[in-house]
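Engineer: These are the residues of each chain, in order.
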Amino acid sequence: AQSVSQHNHHVILSEAASLELGCNYSYGGTVNLFWYVQYPGQHLQLLLKYFSGDPLVKGIKGFEAEFIKSKFSFNLRKPSVQWSDTAEYFCASEGAYTGRRALTFGSGTRLQVQP
Amino acid sequence: EPEVTQTPSHQVTQMGQEVILRCVPISNHLYFYWYRQILGQKVEFLVSFYNNEISEKSEIFDDQFSVERPDGSNFTLKIRSTKLEDSAMYFCASSEAGGIASYEQYFGPGTRLTVT
Numbered sequence: 002a003q004s005v006s007q008h009n010h011h012v013i014l015s016e017a018a019s020l021e022l023g024c025n026y027s028y029g030g031t032v033n034l035f036w037y038v039q040y041p042g043q044h045l046q047l048l049l050k051y052f053s054g055d056p057l058v059k060g061i062k063g064f065e066a067e068f069i070k071s072k073f074s075f076n077l078r079k080p081s082v083q084w085s086d087t088a089e090y091f092c093a094s095e096g097a098y099t100g101r102r103a104l105t106f107g108s109g110t111r112l113q114v115q116p
Numbered sequence: 009e010p011e012v013t014q015t016p017s018h019q020v021t022q023m024g025q026e027v028i029l030r031c032v033p034i035s036n037h038l039y040f041y042w043y044r045q046i047l048g049q050k051v052e053f054l055v056s057f058y059n060n061e062i063s064e065k066s067e068i069f070d071d072q073f074s075v076e077r078p079d080g081s082n083f084t085l086k087i088r089s090t091k092l093e094d095s096a097m098y099f100c101a102s103s104e105a106g107g108i109a110s111y112e113q114y115f116g117p118g119t120r121l122t123v124t
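Top line first, the protein sequences correspond to chains E and R.
Mapping to this note's numbering: the first sequence position 64 is 65, numbers consecutive.
Mapping to this note's numbering: the second sequence position 96 is 104, numbers consecutive.
For the record, the hints were derived by calculation from the structure and aren't laboratory data.
One or more hints might be untrue.
Said to hold, decoys possible - DEER-style ranges, computed between Cβ atoms:
| # | chain 1 | residue 1 | chain 2 | residue 2 | range |
| --- | --- | --- | --- | --- | --- |
| 1 | R | T21 | E | Y40 | 27 to 35 Å |
| 2 | R | S89 | E | A17 | 47 to 55 Å |
| 3 | R | Q22 | E | P56 | 45 to 53 Å |
| 4 | R | E11 | E | P116 | 23 to 31 Å |
| 5 | R | T122 | E | N9 | 28 to 36 Å |
Built from N, CA and C at the ideal position, the CB exists for glycine as well.
Chain E on its own, in the form it takes in the complex:
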């Protein structure tokens, strides 16, 4: 069975600070990995995804994530956060090449950026 862990439940940063949100997954096979964001009052939106290839993936709004297979990690980063990045961030995994499309989500990290 798959599982996804997000270690930071609530992060508070000042504008221009750097961000790194942790995500670890557990799965015996190859995975597809995702970061979703949910801005206040809005629906889940895909930030970025990793299927294969370059382990450093870039997403929208200046976010990037690095897949480190040996650590089972897929941490989300942004060099300089803005107030508008205040949102909840969800890491998710999915078994690759299985035909399954059920996403397994982490518990989410609430990011609060102070102006």
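Place chain R on chain E using the hints.
Structural biologist: Here is chain R on its own, set in the frame of chain E:
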């Protein structure tokens, strides 16, 4: 930009009543999904649907739940006899069929179901 839409945004029902949650997936998408998030808990997969049949379901999706695509645009989740523990936010999602893009799921805004 095309979006997944869901109605209603909030549904209040009494325990034991049937509810139907409605979703309109993105028009050229062929995979459809339901997830739910109980307050304070993780988003959980319920069911996926493709080619007019369930392709996968979780343990949560028991006989009280059913899904249907009654026409060319709607995708519904029915809960036959609601329980207090069904109170949650229910998210619909859709994705393209075929190829790597089929793994990108687009989510709707959710329906908050409150069972009293």
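Engineer: Each hint: holds or not?
Structural biologist: Quick rundown of the hints versus the structure:
At roughly 28 Å, the beta-carbon separation of R/T21 and E/Y40 lies within the given 27 to 35 Å, and the hint holds. Separated by about 53 Å at the C-beta atoms, R/S89 and E/A17 satisfy the suggested range of 47 to 55 Å. About 51 Å separates the C-beta atoms of R/Q22 and E/P56, a value consistent with the hinted range of 45 to 53 Å. Restraint check, R/E11 to E/P116: a C-beta distance of roughly 29 Å satisfies the suggested window 23 to 31 Å.
The supplied range of 28 to 36 Å is met by R/T122 and E/N9, whose beta-carbon atoms lie about 29 Å from each other.
In this structure, every one of the numbered hints holds.
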